[in-house]
Amino acid sequence: MPLAYGSILGGTCTLIGTSTNLAGSGMITKLGLEPITMFEFLGIGLVMTIVGTIYMTTIGR
1 MPLAYGSILG
11 GTCTLIGTST
21 NLAGSGMITK
31 LGLEPITMFE
41 FLGIGLVMTI
51 VGTIYMTTIG
61 R
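So in my numbering, spot 2 of the sequence shown is number 2, and the numbers just go up one at a time.
One or more of the hints may lead you astray.
Pairwise CB distance ranges (calculated) [to be verified]:
(1) Thr53 - Thr29: 30 to 36 Å
(2) Gly32 - Leu3: 37 to 43 Å
(3) Met1 - Ile50: 17 to 23 Å
(4) Thr58 - Thr29: 24 to 30 Å
(5) Ala23 - Val51: 32 to 38 Å
(6) Gly6 - Thr37: 20 to 26 Å
(7) Met27 - Thr53: 41 to 47 Å
(8) Thr29 - Met56: 33 to 39 Å
(9) Met1 - Leu31: 21 to 27 Å
(10) Leu31 - Thr53: 33 to 39 Å
Keeping only pairs whose Cα atoms sit at most 25 Å apart, straight-line, the calculated SDA-like set for lysine to any residue is [claimed, not checked]:
(11) Lys30 - Thr20
(12) Lys30 - Ile59
(13) Lys30 - Ser19
(14) Lys30 - Gly17
Hints were generated in silico from the structure; no laboratory data involved. All residues carry an ideal CB built from backbone N, CA and C; glycine is no exception.
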């Protein structure tokens with residue numbers, strides 16, 4: 001289970017990390033807007049990964 005949670009949290013850092021990110025980028029492109037870049041989610045993704053890791057190692061046991 002820890003590996004599964006780690007991959008989910010880490011997947012939020014890049015465009016190809018989750019299928020939802022890819023689908024959202026495709027939809028935005030179809031609407032004529034600028035596509036999402038590869039590491040555009042990195043800022044919030046790192047915060048989520050760090051907070052999730054701290055939670056899982058302390059409270060989530």
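Now for the hints, and whether the structure bears them out:
1. Thr53 - Thr29: 30 to 36 Å: Given range 30 to 36 Å: holds, Cβ gap about 32 Å.
2. Gly32 - Leu3: 37 to 43 Å: Taking Cβ atoms as reference, Gly32 and Leu3 lie about 39 Å apart, which means the hint holds.
3. Met1 - Ile50: 17 to 23 Å: For Ile50 against Met1, whose Cβ atoms are near 19 Å apart, the range 17 to 23 Å holds.
4. Thr58 - Thr29: 24 to 30 Å: Violated - the Cβ-Cβ distance for Thr58 and Thr29, about 40 Å, lies outside 24 to 30 Å.
5. Ala23 - Val51: 32 to 38 Å: violated, 25 Å
6. Gly6 - Thr37: 20 to 26 Å: Given about 24 Å between the Cβ atoms, the range holds.
7. Met27 - Thr53: 41 to 47 Å: Hint violated: Cβ distance 30 Å, outside 41 to 47 Å.
8. Thr29 - Met56: 33 to 39 Å: holds, 34 Å
9. Met1 - Leu31: 21 to 27 Å: For Met1 and Leu31 the Cβ distance comes to about 38 Å; the hint is violated.
10. Leu31 - Thr53: 33 to 39 Å: holds, 35 Å
11. Lys30 - Thr20: holds, 15 Å
12. Lys30 - Ile59: The hint is violated at about 42 Å.
13. Lys30 - Ser19: holds, 17 Å
14. Lys30 - Gly17: Cα-Cα ~20 Å, so holds.
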